[in-house]
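Each chain, written out:
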Amino acid sequence: MIKRLSECIREYKKASILSPIFVSLEVLMEVLIPTIMAYLVDYGIDKGNMSYIVKVGVVLVVLAVLSMFFGVMSGKYAAFASAGFAKNLRRDMYYNVQKYSFSSIDKFSSASIVTRLTTDVTNLQNAYQMIIRVAVRSPIMLIFAVIMSFRTSYQLALVIVAFIPVLALGLYLVIRFAHPIFEHVFKTYDTLNRIVQENLRGIRVVKSFVREEHEKDKFKNVSNEIYSDFCRAEKLLAFNAPLMQLCSYSCMILISWIGARMIVASGNNPSDGFTTGQFMSFMTYLMQILMSLMMLSMIFVMITISRASAERIVEILDEKSDIESKEQAVMSVKDGSIVYRNVSFGYGNMSENTIFEGDEAENRKKNNHQKYCLKNINLTIQSGQTVGIIGGTGSSKSSLVQLIPRLYDVTEGEVLVGGVNVKDYDLNVLRNDVAMVLQKNVLFSGTIKENLRWGNANASEEEIKKACKLAQADSFIQTFPEKYDTYIEQGGTNVSGGQKQRLCIARALLKKPKILIMDDSTSAVDTKTDAFIREAMLHEIPDTTKIIIAQRISSVEDADMIIVLENGEINGMGTHDELLKTNAVYREVYESQVKGEQENG
Amino acid sequence: MDKSTIKRLLSYVMRYRAKVLLVFFCIIISSMANVGSALFIGILIDDYISPLLIQAEPVYTGLIKALVVMGLIYLTGMMATLMYNRIMVSVAQGVLKTIRDEMFEHMQTLPVKYFDTHTHGDVMSHYTNDTDTLRQAIAQSAPQTVASFFTVAAVFISMLVTSLWLSLFVVIFVVFMMKITKKVASMSGKYFFKQQQSLADVNGYIEEMINGQKVVKVFCHEERAKEKFDEKNDELCKNAYEANKFANILMPIMNNMGFLLYVLVAIVGGALAIRGVKNISLKGTGILTLGAIATFLQLSRNFVNPIGQISQQLNMVIMALAGAKRIFSLLDEKGEIDEGYVTLVNAKINGGQITESDSPTGTWAWKHPHGDGSVTYTKLRGEVLLDHVDFGYTENKIVLKDVSVFADEGQKVAFVGATGAGKTTITNLINRFYDIADGKIRYDGININKIKKADLRHSLGIVLQDTNLFTGTVMENIRYGRLEATDEECIAAAKLANAHSFITMLPKGYDTVISGNGSDLSQGQRQLLSIARAAVANPPVMILDEATSSIDTRTEAIVQKGMDSLMQGRTVFVIAHRLSTVKNSDVIMVLENGKIIERGTHHQLVEKRGKYYQLYTGAFELE
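From first to last, the protein sequence lines are chains A and B. Its first residue numbered 1, the first sequence is counted upward by one per residue in our numbering. Its first residue numbered 1, the second sequence is counted upward by one per residue in our numbering.
Here chain B stands alone, though its shape is the one from the complex (with noise of 0.2 Å):
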């Protein structure tokens, strides 16, 4: 078993320290009463009945008030069941809870390379599949285990106080028992894991396939999707065939080992005592009972049931445990590295001197702390410049070389060329999706590096060709850019991006509710919405990647006019296949492989007579 993951789940229980605590006291408690209930019996017969059967008038005060501490006792062992109990629903919710939103929360800070490379199916299964695998463990596998020990405890003292050679016996035949739990539970756990493994990976691939029912279906993909989801099915059925059956033959065996020790204690312990062998035992020495033999007998039994129930409870742990394992490994996945100490804050300018202000000023600027204890500010202006910069998604393959873009406050560059020339990951770099490999890229002058992320992301705004809309109405999405802008801010956005018109057609208008991957809107209508978020934004550098490419002509034409006013004073970086949509940029950039062939405005370029020209007149042959 993975000591390591124990111990880290413990530290989640642990921070219930005090609920715990009470629940360990109660489990006492509750497990003292159970001890209490398997000798009383005994008690009874020997204390109160036999005395009774000598009398000839049989007083029965003494049993009345034995059975009425015995009520109590029980009253009490009652009581603290039920309380570790419902205390114990909290912790393991309360554990549940807390690893979620930890794995959700960390979820958040992982770079986009994650998101790129994992199914999301197989994410997914974390916070179901692997979290449920804990539920039961911490709630009833725990406190039934740490229960269990304890009456193991209580009993083999019992047995100390019968007689110690029998206990050597039992302690000697309990090892051994242990062992084989151990290697049958070993070989359960292995397959445990494996079946979260496996489960994982059918919850990828159903995942992947209901997205991509369409194209299944268009392709009467059918049958081979259910031959390749058949394989996964059978391999999670082969893993957990094996995980439960190993789990399962783990409560015969202990249970019926129970038996054999009973059987060997009588043969044992009626040897020993016919042949005389004198009794050691806590209460001293002394010959061995045929009354201490029986006593023990029952004590043997009472020892290896909880151990029994133990062994039971393991299968639970070792379950949550291959859980934990994958839940761990997610937590553990690098996060976002964010050395960025350069933060956007709002200014106040006073003939050219910058102040930082608590309001909303409608001017930003950078605040750039340095070594010496000095604060500068810059103006945030929209300034940003690729410097000699490389890069590649994997090391040995570059996809940009050598690209150098400089884009003034307030300019609209345009980035053109082939498909897979190295436009869009242009943008990933300047937002720091992606890190460069080689060269610099500054914003403002400040390497952005130095910037914080999140800072550094806000002052960018993106819409990207494949809209990602949130379940909720029309509102909270374009919201979604601004959390803070007021419904008619809102609105005036969407007016803006022409998205308005189709909204106000929708039967709750802006309070419609959207489904995230419905086929509630189209894909055009969904790029409006998109635009109409990042408008509300309201950002100085704006990156439209391929941001109108599902939007037909003519209505990309009136929303060029709300673009143009969107684009004004602004940065804007703009890679579209249209060119109509780049032509009026300042500057445009054609890419290559990777490189920046060209670079110029519309005439410029024309006049140039090189590659744009040609794709402009449609001469040119891309590949």
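One chain only, chain A, in its complex shape (with noise of 0.2 Å):
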């Protein structure tokens, strides 16, 4: 885990080690300054000697300076390498996230890859700048002052000692202890933002079914949780600090003590042995040596906390998309054509680690246990033919044509376009002439324009202007006051649903693709216009394959050839006329449509 983490240092490497170097410095410079200072008070102050304490006093002074100096460096390079590391950390995490094949989405749901991208990152930043300052002084300082406490008095520094197990059975019992309990929160967190996530995408509904009071309460009982989770945490923490006083606390009195009674017994005579001024400044080591451990637990709790966060950043690095670009990858696509050859689908097996908590993984595993939504397809397109695909609700129309783009890899038999079996291709180069416009599409926030040069960067303008009048756009936009500037709020809830679609058909236009996936593209749009799309595109990319998923038959009825599907399974192909003859499915989808007209017309 450590080692896969340190992979994101990167370019902060040297800032990394000059800051500990900057803050060895500082601790010599901390610990050379006391033991001058005796001076200072033992031979200048004592002895009431002026022109000795403005020449100790200078050197101090120029000491004071320096370690100033070392530790505004150290400060500066461990803020630098810190904040650093958290932005490789989130770059990498992000940077493989978007080569997430989308199970692996599923996997981690996009409430929690936020938080381990956030929260988590955030707290092992702070851990790390910790790491790289606070743990290495005080080890450093703890050497140095139990070095200078054993040369000043060999007994008493052993008193020290034998509290140093009792402190550190302590803190690691502290630790056990509270580290599932953090691991758990995290989890927790999760869930809370998850809530938060469908609350505020899922208003209209909260608002119009008025369960505000309902969602309160799902949210209480998270937050409560969040709450007792962290009490039960820190209150174990909280056993740090009385547990550092205990230790030097009776370490003082015992030292006193002891101390007290080697003073007498040399009769406070330097060169007898132990006296007042070695007792005061072993009092100063102890002290020392206390502070260090009691930073040194703190950095212990610090990495209690961010273990868990490590953790769970670490998993998003280490996930592999199932999903890859081929060594020595074709990288153009032939043509248009699509060949399906005894292919079988199913979204199972994928999620058989989902990251999911009790009942609720429990069941997400059970339902995953289900058979194969597409079933032994078979199907021959030609470049440059429009098909049409009609079928029932959950009849797998969507995961037909997924598997084109590779968004989803077949369970079974292969998908060939150009040719040439998916797998084989580069992904990009695949994707780039395979355009597809969703179901359930999106727009982010931003102008139309930047919205609809997704599908090409370079689009001129009059090139953006053609695909929206291709795709019917064109005349609303020029409505908005703004026209293509029109800034579009996230999710595009300005817009109406119409035009979020029609948008989305000139976004995939924009990429002059071989093979044109609608996918249900034109349900909110009305037939008239519906109409006009498709004539358009029939004459303006007739090179281009098109495949129209629709459920009014009036969109698909000129393909070229159009596939009933039903239950996961081809249950007609065949032209308008030739179905309408031969497939059942296909004629009572025709009459539901169909028949109402007629009785009025």
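In case anyone wonders, no lab produced these hints; they're calculated from the structure. Since this is a predicted model, take the numbers as computed values, not measurements. A couple of the hints might just be wrong.
[Claimed, not checked] Residues from chain A shown here face chain B by an in silico Cβ test under 10 Å; the list is partial:
1) 50
2) 61
3) 66
4) 303
We put the CB at the ideal spot given by N, CA and C, even for glycine.
Fit the two chains together into the complex; they arrive one by one in their own frames, and the hints show the way.
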């Protein structure tokens, strides 16, 4: 885990090394200063020697300024290194998430990914800063102080040493019990985030069902859980300070007793043995030792908290996408022909190790023992054809087409595009030539133009306009006061469903794809506009293979081929007229849509 | 530093007044023990060890007694430390919980507009990143600061006892030191606020991108998504660096200023002593002894150390205030205004006389209290009237112009029109997601502004095109419509919506857990569930906004039967593109550019040979 994380230090290695070096120098100064101060007191003030005071004073001032410089530098480098480390962590995580297949995103849930990229990284950033500064400082301080204390008095130093294991054991116990609680807290954080996220998205549902109270209850439950977990964990950590005090106070009393007897025994004669002056400096060392131990215990606490975070971060970093480009991948798509050969597909087994807790995990596992949702599909589509797909709700229409740009991989069989297995293509090449307008489509916050340029970053104004005209979007964009520079809110809440769909089509068209898949993407567009879009496509992009999933027969009836899907199997295939004659399902769908119109017509 | 933020934050802490007082008390004891241990060594040497040295036969009983007393003091101090640390945990966590709960509670009252105009990730950041900053600040920094203050005060008194001149010198020096601290702290404060802002920005960006991940992939947009992320990430890194840099250098500056002070005191004290300047102290005047200077040096060290500690804690406090500021800005966001006083009650009707009932009767009535104290009851019928309504989402852009609609009890009213004509907007107005600019909307003859929002929305069922389900079982999701519905009622509703058959196909049936945004159900299945959810709510008025757009027509034809029985006896507003869905409506409104241009039944409209007819026959050019 540490190895994996340390890979993210990269260009901040220099700062990460400089920081502890400066800290060490600072500590050196800090140890030197009290020693020299002792001279100032013993030989300057006690003797009333003013010139000596000034002389040593100047040395001390120089040392203090140096120490300040080292301290400032180490602080600066530590901040630089830890902020940079956090940046790299976030970057690596985000880049890896971009590589994820959908099954991975489903596995983590988007709310959890967000918490990991923010809260968890911040925890680690703080811990890292602590480690390269304080974690270096305390042990060095400890070593110096222990050496000095042994030099001063061997017997008294042993008293201190005797207390160290007591302290260590105490700290170990505290951390051992606190860590699992912290681990749990972060999982609860995911749940909290999820509830807030779902609430934000479904706010219209919440408000229209007047479920504010219900939502509050849900929230309060998690909030309570976090409260009680944190209380339990931190109350354990609260033993740290008194434990420290127990050791330090006991040391002081013991040392006072033993020290006093030693002084009396030696008659406070420096040549004979222990003196009051030595006694006092010994107490200073004792305080330094205990302070370093105290700091170390605080670092342990930090590490305890951040260990849970670190594990969650590594999970994100280590997740391998199961969909990746092959080495020596095919770099161009010949044409828009598509072949399905004995294809079966199921979403199953992907979430076996889904990260959910308790009951939820149980349920999920059981959910995933489902059968294939596509069974033994064989299909050949010529380049440039228009193909319609019709099928009932849950007949796996979307699953069928998502295999073409490799959003998911087939479970059995193979899908060929341009005569080549999709798995042999470079992913970017394949997806650049296969444009897909998704059923649940998303616009991003930004202007219309920015959104459209997703299709082609370098598209000229004319190209954008042309694509929008094709998608019948130009006319309504023109009615906006700011036209193509109109700002779209997150999720596109400020345009209507039909407008959104047409913008999404335009975005896909800008890619100039060899295959265009429209997954029920005109459902909110009126029939007439729908017809215009189809007609424009037929004439403007004749070489592009067009796959149209639709519910309206009218959307597909002119297609070169219509596929009827039923329960994940091809129920019929052919032109509109053929299917009307041969396919019962198709006829039924057709009648359900046309019958009413004839009655009134 | 922002005083009002501190004050407000303190008001949360002060809700635990008794505990805070106890903590305060414990801190005093604990820091007294601390100061005691600093003074103890001097006393030990001067009062116990030195006398022992001149005794021929040293008697240790006095020393033992002193040590025992000291031990007891330490023990008390330790217990006090343990106590305040533990109590503080529950205070801090309690405050955090209160703040989280209040935020969420307040968020529920915010108008839909707030949610439409804020990125979700940014809002989520308040609950995690911003709240987290408060945790350490309250639990650790606050008590440590208080403890340090006590130590400073105690040491200061000891200093005054030793020497007034030197104390004065120290005070001047410390004031100077505080000036520097303040400057550095304000710099780090500024950047901490920026850091929290860019953290929220990154949070928002990640949230949006991950939810649109399919689109990102389909468009091979990964590289560009990374570029933009890098930009935001760099910004965050820069602010975090600046903030932490200033925070980190504070401690070494304070520490070494402490050394400087030490040296200066030694020089000044030495000079004063050698010149024989009279010493003034609380104990009286006299000569400045060398012993006094030595003591004073020790004291000055003890004086500066806690000040350094305070300044270090300051970082945490500054960061916490940055988080608190953002939290309070959410809490200060204006909630939905609800001046409604007409409520929905269970009613009994006896010969035209409506009386209120405590138990569910299946009949509902509007309870309308009047200014003179009298109360009238109006039966809930589901009659909706829009009277010359104007509306725009922003003031300068009017979406609806002079729209009038009348829906009688049990009628089915359909809205047809090009996308963007304002159909959805009308439904947003009826349930008061947005408030109209001009005109009136009446519900059973009552102006909807007078009806309590909750009761108004209770009486309206709504099925939206964007189905939003919540993580939980299928059963829980259906029950969302009416929390007290029995399993049987939920299943009946599912059957009505034709969702029953696919639910029973799921591995655990109604107990299958679905995730809010996962890919486990198809869009059409989600719509069926949301119809079932509305059905179980059983409201007198239903709004169906493209409720069946993702359901195939064959399934829709089956659902239609259920829908018809669902609509039976209810006032229904339907928005749909499929004319087959709206054809049997009692009245169809054709909207264009925010205006109603035609209205009538299907037959009337067809006979009229107007826009509807053109639309119906496919000859209508919409734009």
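The hints, checked one at a time:
1. 50: 5 Å, holds
2. 61: 6 Å, holds
3. 66: Cβ of residue 66(A) sits 9 Å from chain B, so the hint holds.
4. 303: 15 Å, violated
Going down the numbered hints, you'll see the structure goes against just number 4.
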